[in-house]
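Protein chains: 2
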Amino acid sequence: MNTSQDVVDFVRNGHLHYLPHLSIDCVIFGYHANQLKTLLLRYHGHEQWSLPGGFVRRHEPLSEAAHRILATQTQIADLFLQQFHTFGDGSTRLNRIETQQIHNRIFAKAGVAIAEDHWLSERTLSVGYYALVDYLSVTITPDFLVEEYAWCDVDAIPSLLFDHQEIIEKALLTLRDQLYQQPIGARLLPAKFTLPEIHALYETILGKPFDRRNFRKKLLALGLVRQLPEQRRIGAHRSPYLYEFDPENYHRALEEGSVLAG
Amino acid sequence: MNTSQDVVDFVRNGHLHYLPHLSIDCVIFGYHANQLKTLLLRYHGHEQWSLPGGFVRRHEPLSEAAHRILATQTQIADLFLQQFHTFGDGSTRLNRIETQQIHNRIFAKAGVAIAEDHWLSERTLSVGYYALVDYLSVTITPDFLVEEYAWCDVDAIPSLLFDHQEIIEKALLTLRDQLYQQPIGARLLPAKFTLPEIHALYETILGKPFDRRNFRKKLLALGLVRQLPEQRRIGAHRSPYLYEFDPENYHRALEEGSVLAG
Numbered sequence: 634m635n636t637s638q639d640v641v642d643f644v645r646n647g648h649l650h651y652l653p654h655l656s657i658d659c660v661i662f663g664y665h666a667n668q669l670k671t672l673l674l675r676y677h678g679h680e681q682w683s684l685p686g687g688f689v690r691r692h693e694p695l696s697e698a699a700h701r702i703l704a705t706q707t708q709i710a711d712l713f714l715q716q717f718h719t720f721g722d723g724s725t726r727l728n729r730i731e732t733q734q735i736h737n738r739i740f741a742k743a744g745v746a747i748a749e750d751h752w753l754s755e756r757t758l759s760v761g762y763y764a765l766v767d768y769l770s771v772t773i774t775p776d777f778l779v780e781e782y783a784w785c786d787v788d789a790i791p792s793l794l795f796d797h798q799e800i801i802e803k804a805l806l807t808l809r810d811q812l813y814q815q816p817i818g819a820r821l822l823p824a825k826f827t828l829p830e831i832h833a834l835y836e837t838i839l840g841k842p843f844d845r846r847n848f849r850k851k852l853l854a855l856g857l858v859r860q861l862p863e864q865r866r867i868g869a870h871r872s873p874y875l876y877e878f879d880p881e882n883y884h885r886a887l888e889e890g891s892v893l894a895g
Numbered sequence: 634m635n636t637s638q639d640v641v642d643f644v645r646n647g648h649l650h651y652l653p654h655l656s657i658d659c660v661i662f663g664y665h666a667n668q669l670k671t672l673l674l675r676y677h678g679h680e681q682w683s684l685p686g687g688f689v690r691r692h693e694p695l696s697e698a699a700h701r702i703l704a705t706q707t708q709i710a711d712l713f714l715q716q717f718h719t720f721g722d723g724s725t726r727l728n729r730i731e732t733q734q735i736h737n738r739i740f741a742k743a744g745v746a747i748a749e750d751h752w753l754s755e756r757t758l759s760v761g762y763y764a765l766v767d768y769l770s771v772t773i774t775p776d777f778l779v780e781e782y783a784w785c786d787v788d789a790i791p792s793l794l795f796d797h798q799e800i801i802e803k804a805l806l807t808l809r810d811q812l813y814q815q816p817i818g819a820r821l822l823p824a825k826f827t828l829p830e831i832h833a834l835y836e837t838i839l840g841k842p843f844d845r846r847n848f849r850k851k852l853l854a855l856g857l858v859r860q861l862p863e864q865r866r867i868g869a870h871r872s873p874y875l876y877e878f879d880p881e882n883y884h885r886a887l888e889e890g891s892v893l894a895g
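One line per chain: the protein sequences are A and B, in this order. Take the first sequence: its letters are residues 634 to 895, numbered as in the working numbering. Take the second sequence: its letters are residues 634 to 895, numbered as in the working numbering.
For the record, the hints were derived by calculation from the structure and aren't laboratory data. Watch out, some of these pointers could steer you wrong.
Chain copies aren't distinguished; within one or between two, either way the pair holds.
[As the list claims (entries may be wrong)] Taking lysine to any residue pairs in the SDA-like style, the calculated list, with each CA pair at most 25 Å apart, reads:
| id | residue 1 | residue 2 |
| --- | --- | --- |
| 1 | K803 | A833 |
| 2 | K670 | H751 |
| 3 | K850 | D711 |
| 4 | K670 | F843 |
| 5 | K841 | N737 |
| 6 | K803 | N882 |
Build the full structure now, drawing on both the sequences and the hints.
Structure below.
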């Protein structure tokens, strides 16, 4: 929403255009130079932070809604957004009045208030999507209701609104779990990379150091990357082999039932 | 729903008790003696089949709703139901009148009809849950609106209502994908099993034969099962080693970030 009038229109007529009881929240992980962060935003009127998120239009496919919401609120487009979980347990913790109060503090900037029986005051379940980007490549354009955006270290997430803490934790578990199933790092590394480069990426995402030789063995056994005959010349005594992702091999194995049973 | 009156109450007052626009659908995979099936049901008035499913109560945690719905419609309780995906793309394909007609054919048995502006005629997204059971151990008690239940071979799924075909396909992909990440077979095999037994289970679920020696090597490398010092005496020349699942090892690896990076 770009103006005060957008917010007023949303509060007055949103029920005609959006599905009630269901939102989308996006966990955007940002990686750069051995650091893993998450994109958070802080609405005007709140000290607590939130995930980027919004509502699904009445006739809009869910996956399109996720992309539209992220692009509208942050101007980030063309991400590989992956749905990972729908959250409907924590949403029973807030009652109608608490939910109303949170929204009214957000909307105060536009001088509009919602009532206790407004659809936004009701219980809302959330479909979680995540993505992984190089955070230096991302430019964010502020939304009217947002006071600030920040890339927060995943180890130091501040206090969050709603059940967003739980959503980030589950997203991080999913990211880590899928690291060996999908070429998740493919957009964060150069097309041809060295073993130390992918090792550093995996250590950062998994949040712990691990043995490089064992890592290489397992990565190659899975067929997710392949060693190239080329080497990179770093110095007289340092010319590590280059590797590349093998998404075709991965997708074939997945279609056949397992990355491991081939 | 057990009686005609239950259906009439649901149609008249359901909007007071249930969230609109969101249902739960359950894909119950049944395995026995090298056969993999899915539990389907056929409502009165329909030739097409459906998944067991229902709606979430207004203040009910989502995960509790999934168990309640399955127990209510089939009497199957205490399953390890796993949420796997929320479906919100296919639901844009049916319009309001088509949705109304499907429900009216189901409800005709109770002599009640819904209008075009009834909440059940509106677009409904679906949260998918799956489970894997030994289908011989399951007893199903028919719901008032259901004409018949069947365990259908996953390779021969009949024509289905709504987007249930898509839901089953995604559930099967997820089951296959998680076969090496979770001790999925633990409830389907005896506590101590032979390699041919777990090999047959995995071949059936993955829907294809694969090399037994390679399978054993990968399964042990993942730490999902461990070989026991005991052997089973089958005959003079046949005493295969016994294996058991090692869920503790799996869960520790998962918490540390990956089953493979340990």
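Hint check results:
With identical chains, the CA atoms of K803 and A833 are at most 25 Å apart within one copy only, with a shortest distance of 22 Å there and 33 Å across copies. Taking the shortest alpha-carbon separations for K670 and H751, neither the intra-copy value of 35 Å nor the inter-copy value of 45 Å comes in at or below 25 Å. When the C-alpha separation of K850 and D711 is checked against a cutoff of 25 Å, the pair qualifies neither within a copy, at 33 Å, nor between copies, at 40 Å. Within a single copy, K670 and F843 get their C-alpha atoms as close as 20 Å, which meets the 25 Å cut-off; across copies the closest is 41 Å, which misses it.
In this assembly of identical chains, K841 and N737 lie within 25 Å of each other by CA distance neither inside one copy nor across copies; the values are 41 Å within and 56 Å between. In this assembly of identical chains, K803 and N882 lie within 25 Å of each other by CA distance solely across copies; the values are 20 Å between and 28 Å within a copy.
Checked against the numbered hints given earlier, this structure breaks hints 2, 3, 5; the rest are met.
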